[in-house]
Amino acid sequence: MLEIVFALLSVIAVASAIAVIVVRDIFRAALCLIILFMTVAGIYLLLHADFLAIVQILVYVGAISILIIVATMLTRDARQGQPLGNLKYAAVAVSALLLAAIVFGIINTVFVMPDNAPLQETIKPLGMALFGDSGYLLTVEIAAVMLLSAILGAIAVIREK
Amino acid sequence: MFSAGLDQYLILSAVLFCIGLFGVLTQRNVIKIIMCLEIMLNAVNISLIAFSQYVTPVALTGQIFAIFVMVVAAAEVAVGIAIIFTVYRDRESVDIENFNILKW
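As given, the protein sequences belong to chains A and B, one line each in that order. For the first sequence, position 108 matches number 112 in our numbering, and the numbering has no gaps at all. For the second sequence, position 91 matches number 137 in our numbering, and the numbering has no gaps at all.
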């Protein structure tokens with residue numbers, strides 16, 4: 005059953021990722037990107053990452069895709085997503101070679117997997133790991149400062165002189 | 047060798063990453079390049095969470111990493127779109143070939 009769900013989700017994900025590149029109209033490409041984000045959230049649910057699935061919907065579907073759509077509406081361009089002529093074949097070669105290398109590496113690696121059953125709900129353990137003792141508290145603080153500086157930098161860059 | 051659980055997620059992640067890489071290398075529109083960057087970041091997150099599920103099921107290290115990747119992705123999109131707007135005001139275009147202000 006879960007295999008069927010995974011196969012369905014991955015087919016939709018790969019198809020919408022290809023559609024983002026192939027579709028000429030940039031607004032429709034943004035909508036395909038939203039479909040991709042939602043299927044990725046479904047894949048997180050398959051992996052028992054419930055908190056990450058919610059965050060994926062909130063941050064990617066809710067915020068990042070809206071930013072991208074606003075950007076497409078405020079800019080206009082005559083040539084919509086034309087591939088660069090000769091470099092297209094080089095790009096195909098580079099991507100295919102990288103994919104072959106990664107898949108070869110995955111298949112030939114033996115991962116050490118413990119027998120522990122995965123956690124059924126992850127919100128409390130994630131909170132303990134992020135904010136508890138001997139956790140990632142300093143990293144959380146640094147991430148907050150980085151977000152603030154990124155927002156201030158974006159405002160400073162975009163402001164009219 | 048091939049274990050169906052972890053490997054299927056890793057291969058899906060690799061396929062999505064390479065699609066995103068192809069898009070970044072070939073697209074002309076800068077906004078589309080940002081979209082393809084987001085595809086690549088999502089692919090990496092899938093593999094991080096798959097590792098978290100199968101390799102560190104109790105410590106959840108991969109999920110914590112994925113949270114920080116999302117934070118960096120949000121900051122990256124905000125700054126990137128601000129830069130795109132600024133160059134668009136100057137050049138009236140979002141074609142990557144017109145983004146050559148830093149060229150000497």
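Simulated from the structure, these hints should not be mistaken for lab results. Incorrect hints may appear among the rest.
Said to hold, decoys possible - As a list, the in silico DMTMM-like pairs of lysine to aspartate or glutamate whose alpha-carbon atoms are at most 20 Å apart:
no.	chain 1	residue 1	chain 2	residue 2
1	A	Lys128	A	Asp54
2	B	Lys149	B	Asp136
3	A	Lys92	B	Glu138
4	B	Lys149	B	Glu138
5	A	Lys92	B	Glu143
Just so you know, these numbers come straight off a predicted model, no measurement behind them.
Consistency of the hints with the structure:
1. At most 20 Å may separate the alpha-carbon atoms for a hinted pair to count; Lys128 (chain A) and Asp54 (chain A) meet this at roughly 11 Å.
2. Restraint check: the Cα-Cα separation between Lys149 (chain B) and Asp136 (chain B) comes to about 15 Å, which is no more than 20 Å; the hinted pair holds.
3. For the given pair, Lys92 (chain A) sits about 26 Å from Glu138 (chain B) by alpha-carbon distance, which is inconsistent with the 20 Å threshold.
4. Of the supplied pair hints, the one linking Lys149 (chain B) and Glu138 (chain B) holds, its CA atoms being roughly 18 Å apart against a limit of 20 Å.
5. Pair hint Lys92 (chain A) plus Glu143 (chain B) holds up; C-alpha atoms about 15 Å apart against a cutoff of 20 Å.
Going through the hint list in order, the structure does not satisfy hint 3, though it satisfies all others.
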